[in-house]
Amino acid sequence: MKKIGVSLLSLGVAIGVGLGSVAVIDSAHAGWTPRKPIEFVIMAGKGGGADKLARFIQSIIEKHKISPKPFIPINKGGGSGAEALSYLKSHSGDSYVVMATLNSLYTTPLRQPGLGINIANFTPITRMAEDTFQLWVNSDTNINSVEDYVAAVKKAGPKAWKMGGTGKGAEDSLVTAMLSKKFGIKMTYIPYKGGGKVAKELIGNHINSTVNNPSEQLGFWDAGKSRPIASFTPKGKMSGKFAKIPTFAELGHGDDMVYYMQRSIIAPNGISADVKAFYVDVFDKVYKTKEWQDYMAKKGLLPGWLTGKALTSYFVAEQAKHAELLKASGEMK
Amino acid sequence: MRKAELVMALCLAAFSAYLMLKSAELPIGWIPDEGPGGGAFPFWLAAGMFVCCMSVVYRWFRRTSPISQSTEPYMDKNTQRMFITIAGSLTVMIGAIHFIGVYFSLPLFLMFYLRFLGRHSWPLVAGVAIATPIVTFFFFEIALLKTLPKGFTEPLFYPLYDMFL
Amino acid sequence: MEIINLLIGGFAVAFEPLNLGLIIFGCTVGLFIGAMPGLGSVNGVAILLPMTFLVPPTSAVIFLAAIYYGAMYGGAISSIMLGIPGASTAVATTFDGRPMALKGEADKALIAAAVASFVGGSISVVLFTAFAPPLAEVALAFGPPEEFSLMMLAFATFIGLGGDDIPKTFFSIFIGLALSAVGLDIVSGEPRLIFFDIPGFFHGINFLVLAIGIYGIGEMLWTVEVSKGNVQMSKATVTVERTFDALRKVLGTWKTMFMGSFLGFFVGILPAAGATPGALMAYGIAKSTAKDPDSFGKGNIAGVVAPESANNAASTGSMLPMLTLGIPGSPTTAILLGGMVIWGLEPGPLLFVEHEEFVWGLIASLYAANFFALLINIAFIPAFIMVLKMPFTILAPIIFCLCVVGGYVPTQDMHDVWLMLGFGIVGYLMRKLNYPLAPAVLAIVLGPIAEPAMRQSLIGSHGDISTFFTRPISGTIMICAIGLLLMPVIKILKNRMQADRKPEKGV
Numbered sequence: 109m110k111k112i113g114v115s116l117l118s119l120g121v122a123i124g125v126g127l128g129s130v131a132v133i134d135s136a137h138a139g140w141t142p143r144k145p146i147e148f149v150i151m152a153g154k155g156g157g158a159d160k161l162a163r164f165i166q167s168i169i170e171k172h173k174i175s176p177k178p179f180i181p182i183n184k185g186g187g188s189g190a191e192a193l194s195y196l197k198s199h200s201g202d203s204y205v206v207m208a209t210l211n212s213l214y215t216t217p218l219r220q221p222g223l224g225i226n227i228a229n230f231t232p233i234t235r236m237a238e239d240t241f242q243l244w245v246n247s248d249t250n251i252n253s254v255e256d257y258v259a260a261v262k263k264a265g266p267k268a269w270k271m272g273g274t275g276k277g278a279e280d281s282l283v284t285a286m287l288s289k290k291f292g293i294k295m296t297y298i299p300y301k302g303g304g305k306v307a308k309e310l311i312g313n314h315i316n317s318t319v320n321n322p323s324e325q326l327g328f329w330d331a332g333k334s335r336p337i338a339s340f341t342p343k344g345k346m347s348g349k350f351a352k353i354p355t356f357a358e359l360g361h362g363d364d365m366v367y368y369m370q371r372s373i374i375a376p377n378g379i380s381a382d383v384k385a386f387y388v389d390v391f392d393k394v395y396k397t398k399e400w401q402d403y404m405a406k407k408g409l410l411p412g413w414l415t416g417k418a419l420t421s422y423f424v425a426e427q428a429k430h431a432e433l434l435k436a437s438g439e440m441k
Numbered sequence: 138m139r140k141a142e143l144v145m146a147l148c149l150a151a152f153s154a155y156l157m158l159k160s161a162e163l164p165i166g167w168i169p170d171e172g173p174g175g176g177a178f179p180f181w182l183a184a185g186m187f188v189c190c191m192s193v194v195y196r197w198f199r200r201t202s203p204i205s206q207s208t209e210p211y212m213d214k215n216t217q218r219m220f221i222t223i224a225g226s227l228t229v230m231i232g233a234i235h236f237i238g239v240y241f242s243l244p245l246f247l248m249f250y251l252r253f254l255g256r257h258s259w260p261l262v263a264g265v266a267i268a269t270p271i272v273t274f275f276f277f278e279i280a281l282l283k284t285l286p287k288g289f290t291e292p293l294f295y296p297l298y299d300m301f302l
Numbered sequence: 258m259e260i261i262n263l264l265i266g267g268f269a270v271a272f273e274p275l276n277l278g279l280i281i282f283g284c285t286v287g288l289f290i291g292a293m294p295g296l297g298s299v300n301g302v303a304i305l306l307p308m309t310f311l312v313p314p315t316s317a318v319i320f321l322a323a324i325y326y327g328a329m330y331g332g333a334i335s336s337i338m339l340g341i342p343g344a345s346t347a348v349a350t351t352f353d354g355r356p357m358a359l360k361g362e363a364d365k366a367l368i369a370a371a372v373a374s375f376v377g378g379s380i381s382v383v384l385f386t387a388f389a390p391p392l393a394e395v396a397l398a399f400g401p402p403e404e405f406s407l408m409m410l411a412f413a414t415f416i417g418l419g420g421d422d423i424p425k426t427f428f429s430i431f432i433g434l435a436l437s438a439v440g441l442d443i444v445s446g447e448p449r450l451i452f453f454d455i456p457g458f459f460h461g462i463n464f465l466v467l468a469i470g471i472y473g474i475g476e477m478l479w480t481v482e483v484s485k486g487n488v489q490m491s492k493a494t495v496t497v498e499r500t501f502d503a504l505r506k507v508l509g510t511w512k513t514m515f516m517g518s519f520l521g522f523f524v525g526i527l528p529a530a531g532a533t534p535g536a537l538m539a540y541g542i543a544k545s546t547a548k549d550p551d552s553f554g555k556g557n558i559a560g561v562v563a564p565e566s567a568n569n570a571a572s573t574g575s576m577l578p579m580l581t582l583g584i585p586g587s588p589t590t591a592i593l594l595g596g597m598v599i600w601g602l603e604p605g606p607l608l609f610v611e612h613e614e615f616v617w618g619l620i621a622s623l624y625a626a627n628f629f630a631l632l633i634n635i636a637f638i639p640a641f642i643m644v645l646k647m648p649f650t651i652l653a654p655i656i657f658c659l660c661v662v663g664g665y666v667p668t669q670d671m672h673d674v675w676l677m678l679g680f681g682i683v684g685y686l687m688r689k690l691n692y693p694l695a696p697a698v699l700a701i702v703l704g705p706i707a708e709p710a711m712r713q714s715l716i717g718s719h720g721d722i723s724t725f726f727t728r729p730i731s732g733t734i735m736i737c738a739i740g741l742l743l744m745p746v747i748k749i750l751k752n753r754m755q756a757d758r759k760p761e762k763g764v
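Protein chains in written order, with the numbering used here: chain A, 109 to 441; chain B, 138 to 302; chain C, 258 to 764.
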């Protein structure tokens, strides 16, 4: 053991000295290539929707050997993403960190101004997709339309009607606020830890309705246990079996009943153009794989490739929208 | 022992009080229709901690618990020296990780401990100090893909990554 | 009959050469990952997930299930040998496993853990095979009030586990629960208890940080003090004779083993709970129903058997809500679930219908993995004993290094390593003053399940506490919990009365 150890170390040092110069020359002509594993920070905890998606992306990178060095997922879900944002901010100029984001990218800096985060400063890489939201009820109920739903909520009264969702101030609560405002209904909002748990609570009849993403309810919907009432998407955007779900706009409730969960990748500020180009290229290759395209179609995600300045302006515009939503729902003054 | 018991109870009571203050940043009362507020759970637990500490202090004055009667020293000279050396060297080792990384900090700590506390022979010291970081590297970084902090020694590892990843 | 045919088909899948090889390889890798302090089945499964893209989905899940099983067996190894629970599921194993190792009976404790795990795993796989669909309904019936009641029951079963010093025991429970509240309050969405605004507190205080601090660093400091000149930690040897003796003793605890297995399985299928509360409850029940409860915590073999049979049973149990409802029963199954989605399998009610071959292949591989994990585990026992025989001055610094690396790896944040050192040192100083620390470690595991469940229930009932008692399942569990909680109080009163009757001894 000892001997092997010593010889391995000396071998390592020898090769290190020898190869070091060669590798530098080699990588010079192909822009920037990473020399060590890349931290793939996930802005949410283990097991949630964002985590699954990020690990799926990582697995595509791995499977097709898209990057010469591995992407290593690290969950930093603390404080609704505050931990991840502080981390990215403190790693300014670090070429070995990228982050998978969700909508807490907008809401967390707004709700916790003390963090001093300006999302326009981060380097935008790409937007991979936009996840959608639908209004779901248990299929044991005889609610089949938005009208039935509104009538049922009004009949039950604000105390008895339970809407489940993720934490207060998070996406689900904003969509619920939109819904309440539009139809003048009141519901008791119960926050849970993740969308999967929310979906299960609906099937177990512990809550009356949810605004889950399709991926969270898909299994139950296929098994006939839950039913989508309407989709928070614009007309004609969804494909496959999701196209059958009416949108609020189609039902004549206005074009403003639209809400997306963005699934984007960002990097710290101050990275060089070569580094940025490398990451854009990696995720472009991921985006074009059959696996990713199939996944989006199957899970009801909308294709949404966006990069560069357009992505930054998208972030800024979305954050302004979220500021309005948060104010309307009373989560921010 | 007696003195230590009191000092510890007072320190923990102070910590409990700090926790209560910190918890009170969020509502600690009962919100009608919703149940307890966000700070209630830690606040009342911290209050419970405080009461427990006070009860320890009370028993200390009454001398009713075994420890408050004990006349043994809390730490004898030997233990004290041991404790300070080990806790101190651990602190230095963890602090050094920020600068020279795990792969240089661990061997230095191992060498210090094995040689000066364990009084083992140099060949054994060297063997453990060299083998540990190598095994750690291959197990964590190559097999499990978990990068460990390296401080400014990072570039030294690039060739190893090129070879094994 | 149909189930048996399906199962035979499943075995045919599990025993294909590729799959069998993966089972053996997975069990071995899992065993070592589980035996590392800081790394548990979650890490093993998460880390090796990308490797599974080289093989077909059924083989992939078989491989991950083997790692899962191996790691569950391995968790007991560091609990017994080093006194450091590698994962929260193995905390209860340290209570008696560690004293056994110190008495020179590490080999017996390891055998007890392996056999109990095997029995727990086997019973739960049988229950799983026979009752999967109806049990899924039970899992669905568990809403927040039921979860909270269950957590109360878990607390009640281990309230008697603390030391004799009542205020200090309560202090320990309270501080564990209070520390579990650090991080984010999910109900209001506000960050909470961010001490000195250090960002490291945003992700809360990981159970492992406290456990490695107290059981790793604190325990080592304690051992250094106690052992003084003594160079060897343990004098265990392995002989065939001792092995048979150990086996006989383990089989003598069959009642405990069965209790642990059934309890573990049923707690495991409940979506929120997972294996940790199951193991704790099994330990608590084994102790309170034993003829000699005082010998627990001092190296009673039943104290190793109970939690080990329960945590393995629960790990199979927690696959059930994952497969049938798509709800992970534990962090590890959450990762497995992610893997299934990547392979294009949709967990949920239809999985049993649409992917029959996959489901039964997995179940059969659970049987196979369980068997091989037992064999591999027993084969390695002599090697583990060898490690224990190393002089303490070599073992101690290596364990310190393991603690530092193990504290870093789960979150990859140096903040947690510092926190761990702090907990270790303060824990050691507190332990010298008779503060029991195990309750704090257990509380930090259960706190994050109990608090949200309580508050979700109360939001749903608009602040009406009776919701915990009026729902049939919740009410029953709650009444059991209160009964158990009152038991030690009655005992204390009874002792007081007896003590009063006796003449004063002059304390």
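It should be emphasised that the hints constitute simulated quantities derived from the structure, not laboratory data.
Using N, Cα and C, we set each Cβ at its ideal position, and we do this for glycine too.
One or more of the hints may lead you astray.
[Said to hold, decoys possible] A short list of chain C residues far from chain B (calculated; beta carbon distances all over 10 Å): (1) Pro274; (2) Leu392; (3) Gly457; (4) Met643; (5) Gly720.
[Said to hold, decoys possible] Mimicking DSS-like on lysine-lysine, the simulated pairs with C-alpha atoms at most 27 Å apart in a straight line are: (6) Lys384(A) - Lys283(B); (7) Lys287(B) - Lys197(A); (8) Lys197(A) - Lys283(B); (9) Lys689(C) - Lys140(B); (10) Lys384(A) - Lys287(B); (11) Lys294(A) - Lys429(A); (12) Lys171(A) - Lys283(B); (13) Lys287(B) - Lys154(A); (14) Lys548(C) - Lys689(C); (15) Lys343(A) - Lys406(A); (16) Lys301(A) - Lys429(A); (17) Lys283(B) - Lys154(A); (18) Lys283(B) - Lys393(A); (19) Lys343(A) - Lys289(A); (20) Lys159(B) - Lys301(A); (21) Lys287(B) - Lys173(A); (22) Lys689(C) - Lys214(B); (23) Lys177(A) - Lys214(B); (24) Lys173(A) - Lys154(A); (25) Lys159(B) - Lys197(A); (26) Lys283(B) - Lys173(A); (27) Lys283(B) - Lys177(A); (28) Lys512(C) - Lys548(C).
- Hint by hint, which ones does this structure get wrong, listed from lowest number up? 5, 14 and 23
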